Amino acid sequence: MRLFTALVFFFFVEHANAQFHQPVFPGQEGQQLLDNLQGAYKPQWVLSNFTNDTIYGKIYREPDDSLRCVYTGYTVYLTPGQDPSQTAFSANINLEHTFPKAMGSDSGLAEDDMHHLHPSRVDVNGARGNLPFGEVQDSQADAWFFMDQTQSNVPGAQIDLYSEVINNDRFEPREDHKGNVARAMFYFYAIYKEQADQANAAFFEAQRETLCQWHFADPVDSLEWARTFLIAGFQDDKPNPFVLDCTLPERSFCQGLGLSCDPPSNYDPELDLPFDAFFLHPNPGDRLVRLELVMRKKAEVTLELYDATGKKVDEMAVGEKTPGAYTLHWENKLLPSGMYWWKLILGTESGALSTTRKMILQH
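One rule links them: number in the numbering used here = place in the sequence shown (from 1) + 1.
Hints in this document: simulated from the structure, not taken from any laboratory. As the structure is a computational prediction, the values presented were derived from the model and not from experiment. Some clues are possibly wrong.
[What the hints assert, rightly or not] Listed below are the simulated BS3-like cross-link pairs for lysine-lysine, each with C-alpha atoms no more than 25 Å apart in a straight line: (1) 299 to 322; (2) 43 to 194; (3) 359 to 298; (4) 312 to 359; (5) 312 to 344; (6) 59 to 194; (7) 102 to 59; (8) 359 to 322; (9) 312 to 299; (10) 313 to 344; (11) 43 to 102; (12) 299 to 334; (13) 344 to 322; (14) 334 to 344; (15) 359 to 313; (16) 298 to 334; (17) 59 to 312; (18) 344 to 299; (19) 359 to 344; (20) 322 to 298; (21) 312 to 298.
[As the list claims (entries may be wrong)] Pairwise CB distance ranges (calculated): (22) 198 to 64: 18 to 24 Å; (23) 48 to 295: 22 to 28 Å; (24) 150 to 170: 17 to 23 Å; (25) 24 to 327: 42 to 48 Å; (26) 138 to 317: 37 to 43 Å; (27) 348 to 78: 35 to 41 Å; (28) 103 to 336: 41 to 47 Å; (29) 198 to 282: 39 to 45 Å; (30) 152 to 298: 44 to 50 Å; (31) 67 to 321: 30 to 36 Å.
Note that beta-carbon positions come from the ideal geometry of N, C-alpha and C, so glycine has one too.
With the hints as extra help, turn the sequences into a complete structure.
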């Protein structure tokens, strides 16, 4: 279990206002907000026959044709032209229902709604099963999962890159997926509450406060933002609103917990955002990492790299870039394994905008 120090927490809060943001029902809260979210964002149709192929082959497929387990970083290669579902399953990858089937996602739109579906190692998916999410004390964990490995002892290094489980009790995903889990769970319960409550009315509430902590500690990055709109294209053009607006949880499921984000004011990403994409490959990486940037408008580009304490450990002054696609190369010479954050800063005529992207180094 990762213990967030105050310094790390303030680092995340500071960078929360740099994330993408699209206001959703501003000024509304409580049941009124939840009712409106369900009315506006519940898709009228989703894929049914091709959900797995779409998740593996389009939503989570990397540009190098790799597919990664969200809980462990375990990566497989998808041969172009071959069935992605067959390839993934033969390589020990299947589909994780973040909100478990037994807890309400076993039928109807909920079963195939891709906003809560992720690729996972088969055995890790099985270990999670129907367990609620939660923080696991390291000394109490029955199993730890990383890449293609499973172990019962506490890892000696790179502990944040492991998922862990207490059998028959709770499951804790690796640190870089906790916010994604929270926003998927919030989405499902907001959209399919009646179905979830019929299965087990206590399931969501038992983990609600933990999910709130994870949402604010691990804000949306550019990849999660891009994926929610990619999924929307296959689901009635409905993105996950909890990805769009970081204030939704504090106005709905997380009221009274003293948690909040500080989104940028007067910010319309469709009008002001000077870039269309910002990705890192490979991620996790080792010595050489490519930073892929697609510019929409002319801007002065700077990249800053921060470690988990919020300390700036590297910087790249890229210079002015005009609309187009760019590949930047970063070589790691000194930094140890762990979790880092690239901050992309774009200077435009209307001011400076920035966003962050998580990077994992594995040696």
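Taking the hints in turn, this is what the structure says about them:
no., hint, in the structure
1, 299 to 322, "holds (6 Å)"
2, 43 to 194, "holds (11 Å)"
3, 359 to 298, "holds (24 Å)"
4, 312 to 359, "holds (14 Å)"
5, 312 to 344, "holds (12 Å)"
6, 59 to 194, "violated (28 Å)"
7, 102 to 59, "holds (23 Å)"
8, 359 to 322, "holds (23 Å)"
9, 312 to 299, "violated (29 Å)"
10, 313 to 344, "holds (10 Å)"
11, 43 to 102, "holds (18 Å)"
12, 299 to 334, "violated (31 Å)"
13, 344 to 322, "holds (17 Å)"
14, 334 to 344, "holds (19 Å)"
15, 359 to 313, "holds (14 Å)"
16, 298 to 334, "violated (32 Å)"
17, 59 to 312, "violated (35 Å)"
18, 344 to 299, "holds (18 Å)"
19, 359 to 344, "holds (9 Å)"
20, 322 to 298, "holds (8 Å)"
21, 312 to 298, "violated (30 Å)"
22, 198 to 64: 18 to 24 Å, "violated (41 Å)"
23, 48 to 295: 22 to 28 Å, "holds (26 Å)"
24, 150 to 170: 17 to 23 Å, "holds (22 Å)"
25, 24 to 327: 42 to 48 Å, "violated (30 Å)"
26, 138 to 317: 37 to 43 Å, "holds (39 Å)"
27, 348 to 78: 35 to 41 Å, "holds (39 Å)"
28, 103 to 336: 41 to 47 Å, "holds (42 Å)"
29, 198 to 282: 39 to 45 Å, "holds (41 Å)"
30, 152 to 298: 44 to 50 Å, "holds (48 Å)"
31, 67 to 321: 30 to 36 Å, "holds (33 Å)"
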